[in-house]
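This is what each chain is made of:
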Amino acid sequence: MNKEIYRLMLGGEAVAVVEGLRDSYDSVAAMLKAVKAPATILIDGLRAVDDHIMSKAFDAVYRLRRSDVFYAAPVYLTKPLENLEPFVDGVSCNPAAIRLVTDPILAKLGSVPVDVNAGNDELRLLTFLFCRGEEALLSPLALSAAPSIYEYPAAFLIGDFAAAALQTAFRTRGLADTKTLLRSSAEWVASLGAQGFLAAQGLVDRIRICPQCNTGNLNYIDSCPLCGSIDFAKTRMIHCFTCGHVAPEDHFKNDMMFSCPRCNVKLRHIGSDYDRPVEAYLCSGCGERFIEPEVNADCLKCRKKTATEELIVRQVYHYGMTAKGKRAVQLGSIYMEFSLFDNNRNVMPLYFYQMVDWLLQMKLRYSDEDFSLLCIRIAGFEPLETTAGINQFQKIIDELALRIRELVRSTDLTTSTGENTFWVLLPRTNQKGGEILASRVEKLADMVSLTDGAQIRIQVKCFSLPTEYANRGPVAERLLGEYQTALADTR
Amino acid sequence: MLHESIYHLYQLIVDPLVRSELIPVLLTLMPFVLFLEIPWTLFLVVGMVQYKINRMAEGARRPYFPAVSCIITCYSEGRDIEKTVVSLVEQIYPGPIQMILVVDGATMNKDTLNAAKAMEDMVKKHPRRSLLVLPKWQRGGVVSSSNLGLQFATGEIIIKMDGDTSFDNNMLERATRHFADPAVAAVSGCLRVRNADQSLCAAFQAIEYFVAIQSSKTALSEFNMVNNISGAFGIFRREVLDLVQGWDAGTAEDIDMTLRIKNYFAHAHKKFRIVFDPEAICFTDVPETFIKFFKQRIRWEGDYPFILFKHRHTLSPRFLGWANFLGMLISIFTHVVIPGMVFVYTIWLVVQYPLPFVIALLLMVYLFYVLMSVALYCIGMALLSERKSSDFSRLHLLLLMPAFLFAAKINTLVAILWELVGEGHKDSSMAPWWVLKKNKFGRKEKIG
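As they're listed, the protein sequences go chains A and B.
For the record, in the first sequence the residue sitting at position 163 is 163 according to the numbering used here, with numbers rising by one throughout.
Convert by adding 1000 to the 1-based position in the second sequence; the result is the number in the numbering used here.
Among these hints, one or two may not hold up.
[Stated by the list, open to error] List of simulated lysine-lysine pairs, DSBU-like, C-alpha gap at most 35 Å:
1) Lys1125/B <-> Lys253/A
2) Lys234/A <-> Lys1124/B
3) Lys234/A <-> Lys1117/B
4) Lys301/A <-> Lys253/A
5) Lys1292/B <-> Lys253/A
6) Lys79/A <-> Lys108/A
Since the hints were derived computationally from the structure, they do not count as laboratory data.
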C-alpha cells in the first residue's frame, strides 16, 4: 500500500517534476489545516537556495515537529541543504525511493496512539525514534554556536529547544516538567536515558562544560597561580657556577654579555660557567615567579572561571530505544518522577495502597501491630534553581534525597504519588515515633536555607490510620489522596 | 759528564756575555734561531699590540645582527652534539639562528641521529632559533655534508662547525660584527681546548692552541695574513661561499677553501679581508693521550705538501698579494723546512761535536725557546686572554713546552716524509675511500 506524500512548496520553482505526489501546500499552516493523519512530507521549492529559503525551510521542519500530527512523520528535502540535513529524514526527488524508507515508518506510526503521545514532549520524541525502527539512533550533532556544543537534532525540534534558545529560561513550570531544568536537547536526551527510556549506545565524544551555566564554550586560559593575572611571561633562570647565584636571565644581562650580579664573574659558556636550572614564569601583575601557570576554563557565557578539574565532564552518546521506552510509546503513557527513593523498597502506588490496607487489617486484628504513614512534600525548588544554578541545585537535591533516605529504615516502604509528594510506610511505628521522624525530616530543609532568600520547604506529616476504616474495604488510596490534598492546602 | 755540560754551558753563555760576544756565538751555532724565531716572535708581538690598540679604540657595536646558519657536520659524536646545539641556542644574539645538523652515515650513526632529533623540541621553544636535521644515510664525507648543509642554509652568514664543539655565548655577536664591513669575506674563529684540565697532553695542547691560534692568528690578522680558516669553526659570508661554489671534494677542505677565497679575491682585484677574532671562541676536545695526539697530527699535517701541490699554480704574489705570499712562505717554512732543519741539525751536532758539548748546546737552545715561549704566552695572556686565571694556571708547563713542540714537529716531519714517499694522503678518516678515489685530489683535513 502506498502511503501519501505531500509536497510543501516554499516558493520558487520545484527542483524537479516529481510524479506521484498527493497535494502541494504553500505553508505548514495550510497543510496542518488540510491533513489530519501522519504522512510523508517533501519540502520543495529549493531551487535557488539563499539564507531566506534556508530559514524558511528550517522553520517549516520546526513547525512540523511541533505539530500534533507530523511530530514524528518522515520529512524529506528535494535538494541537499547542508545545515538542514541532520534535521530531516533524507534528500530525494524520487517518490519510490522515499516510500521505500517512509512506508515502514508510517506503518509503525499507525500502530501507536499518535494523538495521545502528542500531549507529552517526551512521548513525542520516543515515538519519533520508535517508528524509525529498531536500529534507529538519536545521534548528537556538534553545533559550534550551541552553548551545550552537542544537540540532538530531532530532540532539539521536538522538545522546542529552538524556541527555548530564543526565550530566556525564566519560565519555570515545576519540578515534574524536567525540561525546565534542561537547557539543551543533549541534557533532555540524557535524562531520558537516565530514566531508562533511552539507552546510550556508543560514545561519540567527551566535552567539558561550565558548572555554573552548563555551557561548553570555554576558553582555557593560563594565569598566575597567585593573583590570577593572565599577564605573565616566561623568564629563563641562570645559575652562576662561581657563586651559586640563581636569578632570572635579565638580572645577568649586561649589554651583550652575561655577568653575575653577585660575584661579577662573566658567564661565557653554558655548562662550564653557568647553567639553566629551570624555566620560570614571571607575573607582571604581582611579581610572583612560578613554574607552572594555573590553567582555568573561562566560560564565555557566564564568565565564571573554573579550575579544569571542577568542570563537568559530559559523555556524548548515541541513544537508542529501550523496552521501557517502547512500552511508553505503545501505551501512550510516561511516568516521569523525581526519584527520591530508588531502591527496591520503592514501590508502585497501587502496591503501596494494598500494603497500607493490609496493615490496617493487621492493626484491627492485633492491637499491638501499629504502623504510621509519613507524607513528605517538597516545595520551593523553582527560586532555588534560578539563584543557585542548575548544578548547584542538583547537588542540593541529591544531598537532600540522601539525607532523607538515611532516615528511612530498610524495612520501610516508599512510593511517590504525584508532584513532589512522597509516602513512607513505617511498620511497627506508632504515631509518636512517626512524628519524631517527621520532625527530623522537616529540619533538613534548614540545610539548604543558606542561599539568598530562596528556601526549600519540606512539609512532613505523620498519619496514623484509625482502625475503624479497616472494615470498609480498601480505603488507603482515598485516604492518602485526602491527606495529600489537606497537606497541600496548608502551605 | 753533567759537570762537563754545565761547564760548556757556562762557556757558551756566561763567558761570551761577559766578553760581549754572545751574538757571534749564536750566529755560528744557531743561525735560524736568530734569523727566524726572534723576528717572527717580535712580529707577532707587534701584531698583538696593534690589535689591542685597535680593539680598545673600537666604538660601540653597530646594531648589525644578520641571519646566521650554522652547518654542524656530525658523524659518530652521539650525544656530544647536544653541547654544540645548546651553546648555539644560548647565544646572546638578537638575530635568527638556523642550526643544520648534517648527520653523515646516519644508518650507522643512529645515536647521533637520535640525539639530533631529540633536540628539535627543545630548540622550538626558543624564538628565532631553528633546528634542521639532515640525515645522510650513506657516508659521504665532511665536504659533502658541508655542501649539503649549504643547500638548506638560509642565513646571510654561514658558520661551519664540527659536531663536538661548543661556543661562548657571545661568539655570534662577536663574529658577525666584522661582516658589517663589506670587505670581510670570512672570519676565522678562535679555538680553545675544552678538556685542558683532563690530562697533561691536553694541557700542553691548550697552551699550543693559545699561542698558535689565539695569539699568533690575532697578530697575523692585523696584517691580513690569516692563512687558514679552521674546518672545525669557520664563519663565512654566504655570497663568498656561493662565489667559490662551496667546498671542494677531497681532504683539508678548510685550507683549500681559504686558498680559494684568497685566489678569488686577488683575481678579482678586490679588497678583501679574512679576519681572525680572538673573542669569537669555540671550545673543542683534544686527544688526551700522546699516542692519540700524534696520530691526530699526522692526519692533519701529513698532507700539507699535497695541498700546496694542488695550489702550485696560484702560489705567487700576483695571486695572493705580497703579505699573504710571505705568510704562506713562512707557513711552509714552519711546517716543512724547520722540522727537517732541526732534525738534520741535531744529528749533525751529535756527529760533529762531543756529547757534553751537544747537550750543553741543546740545553741552551732549549732555554732560549722556553724564554721565548714564556714571553709570547705572557704577552698573549695579558693582551688577549678572556680566561686569564685558567691560562695562568698552566704557566709552569711552559718549561716543558719546547720539548712537546719539538716532539710534535718531528712527528710532523715523519708524516710529511710518509706523505711524499708513501700514499699517506689517501688514508683519511674524514671520507670513505670510494669518495676519495673519485675526486681529483685526495687529502686529509686539518685544524689550526
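Quick rundown of the hints versus the structure:
1. With a C-alpha separation of about 20 Å, the suggested pairing of Lys1125/B with Lys253/A holds against the 35 Å cut-off.
2. For the hint pairing Lys234/A with Lys1124/B, the CA-to-CA distance comes to about 14 Å; that is within 35 Å, so the pair holds.
3. Among the hinted pairs, Lys234/A with Lys1117/B is consistent with the structure: their alpha-carbon atoms are about 25 Å apart, no more than 35 Å.
4. Restraint check: the Cα-Cα separation between Lys301/A and Lys253/A comes to about 44 Å, which exceeds 35 Å; the hinted pair is violated.
5. For the given pair, Lys1292/B sits about 40 Å from Lys253/A by alpha-carbon distance, which is inconsistent with the 35 Å threshold.
6. Only pairs whose Cα atoms come within 35 Å are accepted, and Lys79/A paired with Lys108/A is accepted, the gap being roughly 27 Å.
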